[in-house]
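Asks: These are the residues of each chain, in order.
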Amino acid sequence: MRISSIAFANLKRRKGKALFLIVGIAIGIGTAIALVTLSASITEEIGTQLDRFGANIVVVPQANSLSLDYGGVSVSSVSFDVQQLRDEDAKNVRDIPYKERLSIISPKLLGAVKIADQEVLLAGVDFKSELLLKSWWQITGEEPQGERDVLVGYEAARALSLIESTGEMATQKPMNHAQMDSTSPSLEAEPFKIIQPRLLIAGSEHRVAGVLAPTGAPDDRMVFAPLTQVQAMLKKPGELSVIEVSALCKDCPVADIVAQIAERLPQARVSAIQQSVRARTATVERLTRFATVVAALVLVIAALMIFTSMTASILERTKEIGVLRAIGFRKSHIIKSLLIEVGVISVIGGLLGWAAGMLASVIALPYFAETQIAIPIRAELLVGALGAGLLVGILSSLYPIISAARRDPAESVRAI
Amino acid sequence: MSFIVIEAVSKTYQAAAGEAAVTVLEEVSAELEASEFVCLMGPSGSGKSTLLTIVGAMNRPTTGTVSVDGIDVYALADERRADFRREYLGFVFQQHHLLPYLNALENALLPLAVSSRPTTQKRERALSVLERVGLADKAKRLPNQLSGGEQGRLAIARALVNEPPLLLADEPTGALDSKTGREVMEVFLTLNAQGQAIFMVTHNAENAALADRVIHLQDGHIVYGASV
Chain A
1 MRISSIAFAN LKRRKGKALF LIVGIAIGIG TAIALVTLSA SITEEIGTQL
51 DRFGANIVVV PQANSLSLDY GGVSVSSVSF DVQQLRDEDA KNVRDIPYKE
101 RLSIISPKLL GAVKIADQEV LLAGVDFKSE LLLKSWWQIT GEEPQGERDV
151 LVGYEAARAL SLIESTGEMA TQKPMNHAQM DSTSPSLEAE PFKIIQPRLL
201 IAGSEHRVAG VLAPTGAPDD RMVFAPLTQV QAMLKKPGEL SVIEVSALCK
251 DCPVADIVAQ IAERLPQARV SAIQQSVRAR TATVERLTRF ATVVAALVLV
301 IAALMIFTSM TASILERTKE IGVLRAIGFR KSHIIKSLLI EVGVISVIGG
351 LLGWAAGMLA SVIALPYFAE TQIAIPIRAE LLVGALGAGL LVGILSSLYP
401 IISAARRDPA ESVRAI
Chain B
417 MSFIVIEAVS KTYQAAAGEA AVTVLEEVSA ELEASEFVCL MGPSGSGKST
467 LLTIVGAMNR PTTGTVSVDG IDVYALADER RADFRREYLG FVFQQHHLLP
517 YLNALENALL PLAVSSRPTT QKRERALSVL ERVGLADKAK RLPNQLSGGE
567 QGRLAIARAL VNEPPLLLAD EPTGALDSKT GREVMEVFLT LNAQGQAIFM
617 VTHNAENAAL ADRVIHLQDG HIVYGASV
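Chain order of the listed sequences is A and B. When you line the first sequence up against the working numbering, it's residues 1 to 416, in that order. When you line the second sequence up against the working numbering, it's residues 417 to 644, in that order.
Below, a list of computed lysine to aspartate or glutamate pairs in the EDC-like style, where the Cα atoms sit at most 20 angstroms apart:
1) K331(A) to D408(A)
2) K331(A) to D499(B)
3) K336(A) to D499(B)
4) K336(A) to E495(B)
5) K336(A) to D494(B)
6) K331(A) to D494(B)
7) K331(A) to E495(B)
8) K331(A) to E503(B)
For the record, the hints were derived by calculation from the structure and aren't laboratory data. Quick caveat: nothing in here was measured; it's all calculated off a predicted structure.
Okay, chain A solo, but in the shape it has when bound (with noise of 0.2 angstroms):
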């Protein structure tokens, strides 16, 4: 017979009150595990999401003049002092140490040009990451193929007449070339269709493969090209005026990223675009507060429930206490006796807790996140399960236990 038996006795002989009590933990315990693997999975795919959200690192030249511009990018036919980006440094970007944070690397040579007496920024692209880089793209036609294939942006398209409204709203969506998600910035637009496939750039006839549909965006003024193409046609062979980067920068700064692209392209210019990342931080910042206001509130519930049922269940207890204490038991002796009950009630609340909460955020996930995100089992969320278990559990309790072991035995005495 040991202090610990006592309380194991007591455990076994007030099965509900016990079992009531783990019920209680667990669904303050399961609740709050649900909340931050939900939050921590939908922050995921919020992160991916708004990491594939287009580029967020632009490596330009050091010096550059002003004149047209690409999306803060200045593209100038008089240019001064200027170190030019290479094919091979676009090769160079994959080096870096954090080469498995970057998703897409889309090298980029622009220039300006006159095609039918109309000055159109061409931008020369490898199209395969373009249009992985600009997945919100809607094409009306196809993705060019071929080494002659253009597309064409909507306003360019309209300005060298190279489309007709159908005059019909939207009864035609135009193509989506990737899987758009609903974030897709493209704008409405009358339907149109292409009237003239053919279009004369620096003397060599392309084929207009598709035209986008309106982004808002520089796009919508420019022609794009295959990237050796437009170098052959603007006559600067293996010249880059710009690499877009996409980098999946969950968990890791982008800051570093920037600083090893920089470390291996001495001669460019490299920086974040630090509104995206900003946006992503607070969405996820906010995601975050709130799943912890909402645990925290609901952990505070299981503890006044824990705390309203231990002072009953020890008020209940008072003679049994008192004859403990008149035998000799010491106030320690109580404590711990009463501590050993809860501790348990608490782990097996903490287990459970944890368990249903793992269950319920794989039920509930696919109504909260639309990809399929696996929820990982993370032994740290067991341990805090169990340790926040144990927190509640005791912090509830232990001001019935204190005042019931500090009782002065004559009280509990007369009350025998």
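Please arrange chain B on chain A, whose structure you already have, making use of the hints.
Replies: This is chain B only, laid out in the frame that chain A set:
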């Protein structure tokens, strides 16, 4: 010097706001010898149970001192006084107050739960006291599976397991019929014959007559029997 010395003990219970304080004991002095069987008698409200709990190191007197075996009980710190109760005193309550979820052996073992003795030694000790009160064959039974007399004997076994020099009993036969009451008294007499000091509160004159001495208490004062 006597084994127990009660010296000028008074006890006043502070009443709730607006009510007068109640003095239960007033300048009570008495002595008990080791191996003596003393019964405390008196009408209801005379202060018998209060005096018993004061001697039992559970109820600090308002004034006066109690010493057991030369130890000034209320000079001890609270936790040390708990140790004193465990080492020097055995309690038998009127309603026995056995823990219903522990069997007879476990109930008898209860005061040893906080002892650092080896488990087998504790168990042997508990079985020995159960044998002493005639319950060795009912060690696995829960209190509600025992008769009233057996429950009384189990309460005595629990009080004896630590081999305390003094056994305190508060009307141990009060809730029993006369036959089982006699059964319990026989156990007390046997223990006393073996040298156990017993201080018992009783209303029953027949039981009191079996004791070595009777202290009669009335309105918080000892009427007679304060010393040998």
